[in-house]
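Take the two lone chains and join them into the complex the hints point to.
One-letter residues, chain by chain:
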Amino acid sequence: GNSVTQMEGPVTLSEEAFLTINCTYTATGYPSLFWYVQYPGEGLQLLLKATKADDKGSNKGFEATYRKETTSFHLEKGSVQVSDSAVYFCALSETGANNLFFGTGTRLTVIP
Amino acid sequence: EAQVTQNPRYLITVTGKKLTVTCSQNMNHEYMSWYRQDPGLGLRQIYYSMNVEVTDKGDVPEGYKVSRKEKRNFPLILESPSPNQTSLYFCASSTDRAYEQYFGPGTRLTVT
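Going down the list, the sequences are from chains A and B. Read in the working numbering, the first sequence has 40 at position 40, and its numbers run on one by one without any break. If you want the working numbering, it's the position in the second sequence, counting the first as 1, plus 1000.
Derived by calculation from the structure, the hints in this document are not laboratory data. The model shown is predicted, which means the values in this text are computed figures rather than measured ones. Backbone N, C-alpha and C fix where the C-beta goes; we use that ideal spot for every residue, glycine too. One or more hints might be untrue.
[Said to hold, decoys possible] Derived coverage of chain B by chain A (criterion: at least 3 residues anywhere in the stretch with Cβ under 8 Å from a Cβ of chain A; other residues may be distant): (1) 1037-1045; (2) 1051-1060; (3) 1074-1082.
[Claimed, not checked] Incomplete in silico selection of chain A near chain B, CB under 7 Å: (4) E8; (5) L44; (6) S72; (7) N99; (8) F102; (9) G103; (10) T104; (11) G105.
[Unchecked claim] For each label pair, taking beta carbons as the anchor points, the in silico distance ranges come out as: (12) B/S1067 x A/G96: 20 to 26 Å; (13) A/Y39 x B/G1040: 39 to 45 Å; (14) A/Y39 x B/D1056: 28 to 34 Å; (15) B/K1071 x A/G78: 41 to 47 Å.
Next up, chain B with everything else stripped away, as it sits in the complex (with noise of 0.2 Å):
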């Protein structure tokens, strides 16, 4: 089945302790992204990769990192999370840039 997988779903953490959000997908898209979903505010791009090795700032990068190390993960890194930070978080691909793209889950991180 063609999906967009996410783990941790939900997540409880402190201020300033690291959290890796993994995401993964297995249609063998090129194009993956990752998006917070705010309140009244819809869903905003944190980052983007184009392929391995190749990644570039969204709308709202500050305070994450992502790495593609291999095609299909595509991890998003919060190495000192702040209460600002607490969000839903989804991670999408497409096989070409924004088009058309396949959320996974979502995944539900409070920080307190």
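Chain A with its partners taken away, still in its complex shape (with noise of 0.2 Å):
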């Protein structure tokens, strides 16, 4: 079946520093990967995307690859801002799916 497993948060950085949240996912298929921010009392938005292998999805600084071989798709930003606090949740849709398998998300708190 498909599952995402995401790195348990919350994640507390300082302003200016690197961000690494860990997303691997189960797919019986070849699925689109998707990271999606929920800001504090709103719903989700999409950030990024990468709907194959190797590819790259990018978005406000933020970046993911779509990494096959080792079935993960891990959010990175080099240097985050107090404005990045929010809950991040990585998902993924098979191809034909009529549905968003969610990560737990990870909650960020960037400080000054």
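And the structure:
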């Protein structure tokens, strides 16, 4: 079956620190992979995506590379800001599937 | 502005009292979905709809009903709410099934 395993949080970093949030997946086929972000009091927003192996998704300084050999899609950012404080969800969707499979979410807090 | 709206945003009710959470999108999306978010479990899909009058169960449909009489609206109905349905609920829509979904702001439901 399909599943997503995410690094447990919470994660607390100082401003300008390097961020990595680990995500690995299990899928029966060739899924598309996503990172969604949830800011306090809001719904989820798509942060970035990758649809095939070796694709790199990027947005707002965040990056993630679809690694089929390690079934991973780790989220990285070189220098975090206070405004990046949020909950980050890794998710996958199989071709033709009717839903997204989400990880449990990782709460990031960035302190000045 | 493209958006998904949900109402109410917060609801406290008692066991057994029927309630409806409304969801509306203004993007002419065919696909709509309901999720619940619980600590440590991430988001789980309750029901989805591929188009008007076409709905189907997600991963956790027990205790919920939906309808899709118009393309823009997808209400979630709890006929007899129970305390284990206390959760944060999100409606989402997209042009194509699970791909790149747009989420509403969430409805926090408490059943006592």
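Structure versus earlier hints, numbers of those that do not hold, lowest first: 3, 4, 6 and 13
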